[in-house]
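Trainee: Use these hints to put chain A onto chain S, whose structure you have.
Protein chains in written order, with our numbering: chain S, 19 to 210; chain A, 19 to 210.
Since the hints were derived computationally from the structure, they do not count as laboratory data. Every value quoted in this text rests on a predicted model; they were computed, and no experiment measured them. Idealized CB from N, CA, C, for every residue including glycine. It is possible that some hints are incorrect.
[Stated by the list, open to error] Derived CB-CB ranges, DEER-like:
no.: 1; chain 1: S; residue 1: M126; chain 2: A; residue 2: R79; range: 48 to 56 Å
no.: 2; chain 1: S; residue 1: G110; chain 2: A; residue 2: K28; range: 42 to 50 Å
no.: 3; chain 1: S; residue 1: E150; chain 2: A; residue 2: T166; range: 25 to 33 Å
There are 2 protein chains.
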Amino acid sequence: MNRLIRNLCKLPGIGEKTAERLATYMLHASDVEVSALAKSIGELKKQVNICATCFALSDTRQCRICRDPGRDAGMICVVESPADMAAIERSGAFTGVYHLLQGLLSPMDGIGPADIRIAELVARVSAGNVREVVIATSTNIEGEATATYIRSQLKSFPVKTTRIASGVPMGGELKYVDQVTLKKALEARHDL
Amino acid sequence: MNRLIRNLCKLPGIGEKTAERLATYMLHASDVEVSALAKSIGELKKQVNICATCFALSDTRQCRICRDPGRDAGMICVVESPADMAAIERSGAFTGVYHLLQGLLSPMDGIGPADIRIAELVARVSAGNVREVVIATSTNIEGEATATYIRSQLKSFPVKTTRIASGVPMGGELKYVDQVTLKKALEARHDL
Chain S
19 MNRLIRNLCK
29 LPGIGEKTAE
39 RLATYMLHAS
49 DVEVSALAKS
59 IGELKKQVNI
69 CATCFALSDT
79 RQCRICRDPG
89 RDAGMICVVE
99 SPADMAAIER
109 SGAFTGVYHL
119 LQGLLSPMDG
129 IGPADIRIAE
139 LVARVSAGNV
149 REVVIATSTN
159 IEGEATATYI
169 RSQLKSFPVK
179 TTRIASGVPM
189 GGELKYVDQV
199 TLKKALEARH
209 DL
Chain A
19 MNRLIRNLCK
29 LPGIGEKTAE
39 RLATYMLHAS
49 DVEVSALAKS
59 IGELKKQVNI
69 CATCFALSDT
79 RQCRICRDPG
89 RDAGMICVVE
99 SPADMAAIER
109 SGAFTGVYHL
119 LQGLLSPMDG
129 IGPADIRIAE
139 LVARVSAGNV
149 REVVIATSTN
159 IEGEATATYI
169 RSQLKSFPVK
179 TTRIASGVPM
189 GGELKYVDQV
199 TLKKALEARH
209 DL
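One chain only, chain S, in its complex shape (with noise of 0.2 Å):
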């Protein structure tokens, strides 16, 4: 009991109550449950793999949107996180595939392309069948940089390269939307 609660207090946002708590309940739990739990745990790293064409997070070699011959395989969004790429998926707007960058470049944190798999979506271009690029990564400073990194890295391919558009988040109100981002969606207003 005491070895369960310290291994679950290194979880992240789990303290010595919250511990407690959940090891309590598994002990009353049936053993079906717990058992169910503990094999899914172990199973984890075991099974979850990276798609070796999107590096998307997957329990086979290739993952489930690149397989899918629904998807566009000629337009590809970049993120830089699997979280980002859920939540364009939820928006259900885009209707290609994807290549997950390992975050964004960062050269204070010593972060440089080669660590990030751009040279990956360069050869994914290269290869043709490509006929765009968006680019979503954040709209932060290191987002910017490597969006204007991938463009340069690009340039020579007969590829187009876009990225998301910056502006008012929906349903926002303009009073509390920041400058920056104010300046954005003036700068960016379109015909209506």
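Mentor: Leaving out everything else, chain A in the frame of chain S:
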């Protein structure tokens, strides 16, 4: 003292305790400070007018921006409140003039076009010399509906009608952005 506390209590966000604290402060503050406060409150309703051109708050017949020859009178930014106008001014990205609506269209609350100074906007445009109307209402349902209505009213005039961009706010991480905004950001992606 009690009468002051009762009157302060009527202000939004000020309860009995805060009112008491404010009243006590005034009791001990210098005569000059207290009478300056009393005077400025007394003059508020007398001196704050509304600009005859754009309906912004102003202490003269025409507001500071409408009078400024350095501002581009051929470009009108339509906002729904003085707070939104202040936000856009802070961004420094707009050098034209404004038109302040008195809120947004909201049929459910009985607010129609006649209530929010849209006719006055059409009159300004029909007087000529306006090249572009930038509609900077909020990106919620009422804001979008108001933008569409204004567009329909201006269709017959030789004026460009634009809408501020919606998308991912600057500095934002994609995974925290709502689905509708992500969808808009992907649809409105631009060449890099």
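Trainee: Does 48 to 56 Å hold as the CB distance between S:M126 and A:R79, or does it fail?
Mentor: holds (54 Å)
Trainee: If I claimed the Cβ atoms of S:E150 and A:T166 lie 25 to 33 Å apart, would that claim hold in this structure?
Mentor: Hint holds: Cβ distance 30 Å, inside 25 to 33 Å.
Trainee: Is it true that the C-beta distance of S:G110 to A:K28 lies inside 42 to 50 Å, as the hint says?
Mentor: holds (48 Å)
Consistency with the previously given hints is maintained throughout, with no hint failing.
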